[in-house]
Amino acid sequence: MKNLSSLSAIILFLFFSASSAEQTVRTERISGSAGDVLEDNPVGKLKVYVYELPSKYNKKLLQKDPRCLTHMFAAEIFMHRFLLSSPVRTRNPDEADWFYTPIYPTCDLTPTGLPLPFKSPRMMRSAIQLVSSNWPYWNRTEGADHFFVVPHDFGACFHYQEEKAIERGILPLLQRATLVQTFGQRNHVCLDEGSITIPPFAPPQKMQAHLIPPDIPRSIFVYFRGLFYDVNNDPEGGYYARGARAAVWENFKNNPLFDISTDHPTTYYEDMQRAIFCLCPLGWAPWSPRLVEAVVFGCIPVIIADDIVLPFADAIPWEEIGVFVAEKDVPELDTILTSIPTEVILRKQRLLANPSMKRAMLFPQPAQPGDAFHQILNGLARKLPHDKSIYLKAGEKALNWTAGPTGDLKPW
Amino acid sequence: MKLSALHQSYLNRRSNSFRSPTSVDSSVDGSGKSLIALFWLILHCLCCLISLLLGFRFSRLVFFFLFSTSSTTTNLYSAPFRPDLPVKHLDVHTLGRRLDPGAATNNFTVASTTKSSRVVVGRHGIRIRPWPHPNPVEVMKAHQIIERVQKEQKSVFGVKRSKMVIAVTPTYVRTFQALHLNGVMHSLMLVPYDLVWVIVEAGGATNETASIIAKSGIRTIHVGIDQRMPNTWEDRSKLEVFMRLQALRVVKEEKLDGVVMFADDSNMHSMEFFDEIQNVKWFGTVSVGILAHSGNAEEMVLSMDKRKEMEKEAEEESSLLPVQGPACNSTDQLVGWHIFNTLPYAGKSAVYIDDVAAVLPQKLEWSGFVLNSRLLWEEAENKPEWVKDFGSLNENEGLESPLSLLKDPSMVEPLGSCGRQVLLWWLRVEARADSKFPPGWIIDPPLEITVAAKRTPWPDVPPEPPTKKKDQMPLSQGDNTVVVIPKQQQHSTKIRKPKRRSKRNKHEPKLTDTTQVSSSSSKRQERN
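Each protein sequence line maps, in turn, to chains A and B. With the UniProt record's numbering applied, the first sequence has no gaps in its numbers, which climb one by one up to 412 at the end. With the UniProt record's numbering applied, the second sequence has no gaps in its numbers, which climb one by one up to 528 at the end.
Accuracy of the hints is not assured; some may be wrong.
Claimed, not checked - Which chain A residues stay away from chain B? Per the calculated CB distances, all over 12 Å, these: (1) V43; (2) H80; (3) L392.
What the hints assert, rightly or not - Below are the DSSO-like pairs computed for lysine-lysine, each with C-alpha atoms no more than 30 Å apart in a straight line: (4) K160(B) <-> K358(A); (5) K164(A) <-> K60(A); (6) K255(B) <-> K383(B); (7) K151(B) <-> K253(A); (8) K328(A) <-> K141(B); (9) K56(A) <-> K397(A); (10) K206(A) <-> K154(B).
Worth flagging that the hints you see were computed from the coordinates, not collected in a lab. From the three backbone atoms N, C-alpha and C, an ideal C-beta is built for every residue, glycine too.
Generate coordinates for the entire structure from the input sequences, incorporating the hints supplied.
And the structure:
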């Protein structure tokens, strides 16, 4: 009797769960390691200790210029705020797996709102000196169990111009630390092996406010809004975006399927939701917030940046979601896009409709499960446990504190 | 200033990047050294001058082409300075980004990185294919992709199970019937859902109407009633109500299952209307735009002016298009109806069907309501209690609007985002009641003898000699077919007819109406 009732209960439960599953929108889960990883909960898997730095490294910078909260580098500020109130935070540094230094190196803005990276190396250096002299944990591993959020153009190379950034390389003091950055390009000096690539900050409320009903038919084939030539800094062309954006313009300006221009309309977000493909070409740096916007609005991203490393590449299977086009193939972009089988396109759209994907790209306030903050913590948790070799023996030194250009050695 | 800067930068570049020339320099002996130095100086001056003239670094281009190791295909093209492009920036930074001439070198001086990257920093060519225009085959493929994506969207997000649309149209044979009925017919032919068209005809089901609707290819139910359509708008709308109820009776008897909408034959429907009414559960209402003008151009201008005057006087915000439909409060609940304001037209509205005046709608037009056909059935499950039983309805009480079918009018569902979308337009345009027109609008056989019409606005001028006219057909002798010219043509409320005639009039100013009609008809015959 008992068995029968339990069996019938199980059957009823299965029936109800099956019927409720039918009614949900047809999205596809990326089964296997990738999809489930996005929904991992990092709480309990790691502990993070947040250093107490004087406010000149963080709060004062923000007070001086509150625009830091809305530009695309705002991830560093929101990460700090998230960690302060997160359950992974621990006040006991001895039990911490990771150490976070709350410093906002990208918060030194010009009047037009662009960050100047010239003082950032000195700021970073002074913060690290503070940390290493006040707490023993830095010297224990020379920073190997510390992580820093460096969302600037070329990450910890701290320069907006690629050649200069390559020349400088990653700040010597950060050689052993884990860098959480937006920049990612394979075989590039500014991308360290163990770095975690994150999406650039895009304002979640603004994007939510511009959502349109999903039954509005997608009628734009390819959509792009942005510069093709950077007249101020690269008047002759061919330098900006390695000539890829200019190639897009020259080849497809006459093509009605391509809705591309430099205008910035007020219906930008709505238009992306009416497009099937959204171009995400490189600019001065290979990453851009367009990728985040495309994923949130369900538009298939067409990534034109050779060797780029996309955010959370170990958790999100970008090849199945987006289309990758080599820079040299840009003149054939229309052939490439029209020759993708319809089934593949529909599958990509179903994968994009998966809400966990959209959540993973955003930095909402307050934090929600599955968002980018949690993906960063997941990434950090996946790197645990630390290898024993990171712990230096007494007297052993791995970092060269005097390396780098002499300008960096000046106190901040 | 510029020259010195260029000079400086050029020297800089030279010293930083070019090892080969300097090595050549050092290996040659004394006398040769000065010659080579002189040569480079001259070349340098030349390059500087050319750069000054052309406005960009000519030397860089030369060295790029001379020393570049990348594959030089004919597609490579280096864009010159473009002053026409906008300065606005959406992307990364501008400040201080002057290209350091020392560092910005050609491809072969790869940046000194420890890791060898496939991607190289520096100037790249802008690849343009030989014919940068859309390929029609690809455009077709792209459109097929778009269609498939939209179909998928519709199936996932749109209406799950589409209901059949039952269109009810009261009509009668008259001059403009073909015009109006064809309009509605083509709209209904475009509806993507299953459709049944119930046509109720006053004066009995005629072959004329049947021949028009047979061209549609949709399922039709043609019903005739014996009464003839009266001559006044008032009576006409009463009879139309009776006809619609007849149609609803047919729906009840045939047990048609779907959404009933009232497609009056002179109304105009948007395709979104049919999509929107799929959402109705029992009884819905939409906003109807009222085009109360008679269609006469002068009248329209007058009334527009009058309205502008009124607006200035009253200083109130009146929308340019009066709309009849549901009124909602801020929580999107139905609180009442917007009704057409008849005050501006008091005393000036048309009474008879052919009056040259504004035709006013009823308080609530039937075309603004849709209902689930199950409301009409005798036995239907889940039929709500706030609906009167259709079978026991007594028509003699006079049904003003479909709301009389309901006990509780507050249960009506407002559609079209609570009436904010105008999904159809109401219009009444008719010719004179006694106007004649050729059956099926085909004049066959062609007219032989014509009779002059007396009441034309054009002056009586003797006809011009026939040699001048190019398109005048000679009147052929033959049958004695007499054509009576419709007298109402000058009173016609359609703009098209007078215009056409006036255009022809330019060619043949002295001819009377009769010859015009005959020649036009014979022309038509010729074309046929």
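The hints, checked one at a time:
1. V43: 34 Å, holds
2. H80: For H80(A), whose nearest Cβ neighbour in chain B is about 23 Å away, the distance exceeds 12 Å, so it holds.
3. L392: 24 Å, holds
4. K160(B) <-> K358(A): 26 Å, holds
5. K164(A) <-> K60(A): 28 Å, holds
6. K255(B) <-> K383(B): 14 Å, holds
7. K151(B) <-> K253(A): Judged against 30 Å, a Cα distance of about 28 Å means the pair holds.
8. K328(A) <-> K141(B): 23 Å, holds
9. K56(A) <-> K397(A): 29 Å, holds
10. K206(A) <-> K154(B): Holds, because 27 Å separates the two Cα atoms, which is no more than 30 Å.
In this structure, every one of the numbered hints holds.
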